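Trainee: Sequences are here, hints too, so could you generate the full structure?
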Amino acid sequence: MNAFLHITAEAAGFNWYAWVVLPLIIFVARIFDVTLGTLRIIFVARGKRNLAPILGFFEVLIWIVVISQLVQNLESATAYIGYAAGFAAGNYFGMWLEDKLALGTYILRLITAEEPGELVRRLRAAGFGVTTVAGEGKTGTVQLIYTFVKRRDVEAVLSIIHELKPNAFVSMEEVRSTEKGIFPGGMAAQARGSLLRKSK
104 MNAFLHITAE AAGFNWYAWV VLPLIIFVAR IFDVTLGTLR IIFVARGKRN LAPILGFFEV
164 LIWIVVISQL VQNLESATAY IGYAAGFAAG NYFGMWLEDK LALGTYILRL ITAEEPGELV
224 RRLRAAGFGV TTVAGEGKTG TVQLIYTFVK RRDVEAVLSI IHELKPNAFV SMEEVRSTEK
284 GIFPGGMAAQ ARGSLLRKSK
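For the sequence shown, my numbering puts the final residue at 303, and the numbers step up evenly by one.
Derived by calculation from the structure, the hints in this document are not laboratory data. Computed from a predicted model, the values in this text were never measured in an experiment. One or more of the hints may lead you astray.
Pairwise CB distance ranges (calculated) [what the hints assert, rightly or not]:
1. Thr244 with Met275: 19 to 29 Å
2. Ile167 with Val236: 47 to 57 Å
3. Phe117 with Gln175: 46 to 56 Å
4. Val174 with Gly232: 51 to 61 Å
5. Ile170 with Ile210: 20 to 30 Å
6. Leu164 with Lys241: 55 to 65 Å
With a straight-line Cα cutoff of 25 Å, these simulated PhoX-like cross-link-like pairs (lysine-lysine) come out [said to hold, decoys possible]:
7. Lys241 with Lys151
8. Lys151 with Lys203
9. Lys203 with Lys253
From the three backbone atoms N, C-alpha and C, an ideal C-beta is built for every residue, glycine too.
Mentor: The following block contains the structure:
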């Protein structure tokens, strides 16, 4: 196939393979290998180390193929453009894909001076584990509420908090790894879906 493209291009006086076809192939291949690299780094940061070596293998394999083609066609300026553009697009697509996968777990901390009973009941009914602690703030007694939430549920849980405790202080951060704990599942997942839909 490559030989046919070379012959056709030379007959036409223009090397379509080196200046058009190859840059497009490099562009697409770079998107794949950089996307895999982005996901690999994210998985390592989140403790999913079993997937990282597999992604790394295919990432490097694609990269070697791309580089070998680039070295064989050093005279093609468009191949360099395809390489750089594929790298940029791969970073964007990798982050977009990771966002769609919604991997990871977050801890939400809420501080309120109001009675948290209704909020706690709502979250527990949806299947989330909730821990409450009494504390002392600048203006008096406050309630501290902690809950661990899968990333895909963060937005819905925040909407419940904003609905019931709009003046509460809320902070959250990603958790590297967790063991055990209470997360929605089974019958709790059905209840969670119903309760979260009510909050929208």
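Trainee: Could you say whether the range 51 to 61 Å given as a hint is met by the Cβ separation of Val174 and Gly232?
Mentor: 55 Å, holds
Trainee: Compare the distance between the alpha carbons of Lys241 and Lys151 with 25 Å, and conclude whether the hinted pair is satisfied.
Mentor: 41 Å, violated
Trainee: I want to verify a distance hint. Is the separation of the beta carbons of Phe117 and Gln175 within 46 to 56 Å?
Mentor: Violated - the Cβ-Cβ distance for Phe117 and Gln175, about 18 Å, lies outside 46 to 56 Å.
Trainee: Starting from the range 19 to 29 Å, see whether the pair Thr244 and Met275 falls in it by beta-carbon distance.
Mentor: At roughly 23 Å between Cβ atoms, Met275 and Thr244 fall inside 19 to 29 Å, so the hint holds.
Trainee: If you draw a straight line from the CA of Lys151 to the CA of Lys203, is it 25 Å or shorter?
Mentor: Distance ~17 Å between Lys151 and Lys203 Cα, so the pair holds.
Trainee: Is 55 to 65 Å right for how far apart the beta carbons of Leu164 and Lys241 are?
Mentor: The hint (55 to 65 Å, Cβ to Cβ) holds, given that Leu164 and Lys241 are roughly 58 Å apart.
Trainee: Measuring from beta carbon to beta carbon, are Ile170 and Ile210 in 20 to 30 Å?
Mentor: 42 Å, violated
Trainee: Go ahead and decide if the range 47 to 57 Å is satisfied by the Cβ distance of Ile167 to Val236.
Mentor: 54 Å, holds
Trainee: For the pair supplied as a hint, Lys203 and Lys253, is the alpha-carbon distance within the 25 Å limit?
Mentor: With Cα atoms ~13 Å apart, Lys203 and Lys253 stay inside 25 Å; holds.
Comparing the model with each numbered hint stated earlier shows that hints 3, 5 and 7 do not hold.
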